[in-house]
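J.: Residue numbers (the working numbering), protein chains in the order written: chain A, 160 to 520; chain B, 2 to 159.
In short, the hints are calculated from the structure, not lab data.
Now the in silico label distances, taken between C-beta atoms and shown as ranges:
(1) A:PHE277 <-> B:ALA58: 18 to 28 Å
(2) A:VAL449 <-> B:ARG61: 38 to 48 Å
(3) B:ARG61 <-> A:ASP447: 30 to 40 Å
(4) A:ARG172 <-> B:SER128: 22 to 32 Å
(5) A:PRO178 <-> B:ALA148: 29 to 39 Å
(6) A:PRO388 <-> B:ARG18: 51 to 61 Å
(7) B:GLU14 <-> A:GLY483: 48 to 58 Å
(8) A:VAL484 <-> B:GLU109: 28 to 38 Å
(9) A:ASP398 <-> B:SER128: 58 to 68 Å
(10) B:ARG153 <-> A:VAL335: 47 to 57 Å
All values derive from a computational prediction rather than experimental measurement. Idealized CB from N, CA, C, for every residue including glycine.
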Amino acid sequence: MSYEKRVKDLLGRLVAMSPEPPPFPEEVTMVEPVARRASRPVLMFAGAAAIVMLLALPFLLSDFGDQDAATTVPAPGSSTTTLPDTTTSIQDDTSTTQPVTVAWESVVYLTQEPVNTFNGNPALVPLWVSVAGVGPDEPFTAALAHVSASGWTLPPGFDNLIPPQVQIVDLGSVEVDGEQVWVADMSEAFRTGANPAGHLADVTMLNQLIYTITDNTMQKVLFTVDGEPVDAFGTDGIDLSEPVDRNSFIDEINLIFLTEPVILGEDGYRVEGVSNVFEAAMTVRVVDTVTGETIHEEPVMATSGSGTWGTFAVDIDADLVEPGVSEIWVFWYSAEDGTPANVVTVPIPEPGIWVLVPLDG
Amino acid sequence: MGMITVTNVMDNEQIYRQYSKELTSYATGLVGPFDAPDVVTDACLKAFETRDWDQVANRRAYLYRTVLNMAHDHHRQTLSRRLREIKAAGAEATQAVEVDVDVLMAVERLSVRQRAAVFLTYWEDLSPNEVAERMGVTPGAVKRHLARARKRLAELLS
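Could you put together the complete structure from these sequences and hints?
T.: Now the structure itself:
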């Protein structure tokens with residue numbers, strides 16, 4: 160029997176198991192698109208939260224001066240929440256005067272200038288990074304300050320708009336209007352905003368911080384300086400006296416961005432994010448960065464589009480991706496001229512994680 | 002921004018009646034018989050709620066693509082879990098749900114996209130270009146999926 164006949168036989172047996180079609184989904188007549196979309200922001204980031212929670216917290220909460228102490232934040236007019244000590248990956252040799260070698264592993268949200276952007280907004284791209292060689296006397300700083308372009312090598316094509324002097328002094332939680340939210344007590348330099356200065360840079364810096372800090376346990380963050388809410392932030396004096404979340408400044412991000420780092424999972428490389436493009440139709444492409452050749456391309460649909468934000472996720476076969484060589488693009492084909500638009504590019508590192516080292520290291 | 006109009010509902014219902022059977026067979030080829038109805042329902046709801054649904058030229062191909070996307074969310078683990086449950090339940094239960102475990106185990110070896118390429122090529126007898134349209138990929142990608150599927154199924158079918 161030929162291969163084709165054997166496959167057809169297999170499929171015939173499979174189709175024979177096919178159940179009756181389900182009844183017409185009558186509930187479609189009850190759906191009001193606006194109401195459904197309004198509920199999406201809650202769902203939008205739930206998937207990202209687990210990894211961010213697991214990986215970002217150690218990075219944010221580690222205090223090498225007092226690792227046994229729990230971290231609390233003095234929040235204005237409220238009780239504080241004790242957070243667990245979750246320091247990770249420490250190879251300690253405190254018996255000598257040699258610097259302690261530590262490596263923080265975390266998901267950090269960096270920025271990227273998309274190719275062929277329509278609205279000029281930068282993209283957010285979370286990367287799973289390992290920051291090596293941090294000394295024991297290093298002051299407790301923001302995770303993103305550690306990957307500042309001024310002090311650490313960044314993967315090519317990525318930027319960090321958080322100036323090194325902007326630090327998370329402490330991190331805790333507080334109840335606001337019956338909801339528990341993160342409280343990030345920032346250094347004084349936070350008030351003046353991002354580097355370079357300007358509204359878009361300020362908002363991008365805020366988005367980097369918001370996305371890195373928030374998770375599925377607490378989806379909002381209140382920024383304070385010296386324990387007081389910040390009522391005038393950055394160039395335009397943005398009022399941050401109320402908690403903000405991942406949707407607060409979403410319209411100032413690229414029309415496509417990622418909410419989870421692209422890492423190898425059981426079903427391949429998972430590309431997951433949020434978009435707001437025409438017909439919710441996007442494309443993912445695997446590119447060989449050595450030859451420039453497109454290795455693979457496939458469509459991906461978001462849950463919503465054409466003016467509303469939706470989520471998307473696709474698994475790319477591991478066979479198609481060569482770590483250290485491949486780059487994954489996410490974009491939509493412009494209806495105007497058919498070119499890839501709002502392109503987000505994610506290089507795939509060979510070890511699966513970006514190892515960042517100090518420039519002078 | 003109101004509710005979906007009566008006209009659209011009628012159109013959608015007609016479309017559904019026309020394609021639901023073949024979509025259910027297709028979904029069975031992708032995720033197995035257990036979850037196929039849910040995949041078809043979710044896919045149709047999603048398609049019907051799409052703002053630009055009225056402007057979609059080839060709705061049949063669009064529904065196939067949506068079913069494939071929905072099936073992808075189910076992953077292989079779901080089918081694996083079902084198979085484990087069936088095996089744990091024993092032969093009597095297997096007979097009761099009328100499944101062919103060997104066939105499902107073969108399907109489980111393939112990725113969802115490989116299943117789609119195999120199903121559309123060998124069961125629907127579509128050309129590579131037609132398969133590509135239903136899957137929303139290039140004909141070259143279809144050939145690659147088929148080549149990998151052949152490799153994975155070779156041992157089983159030899």
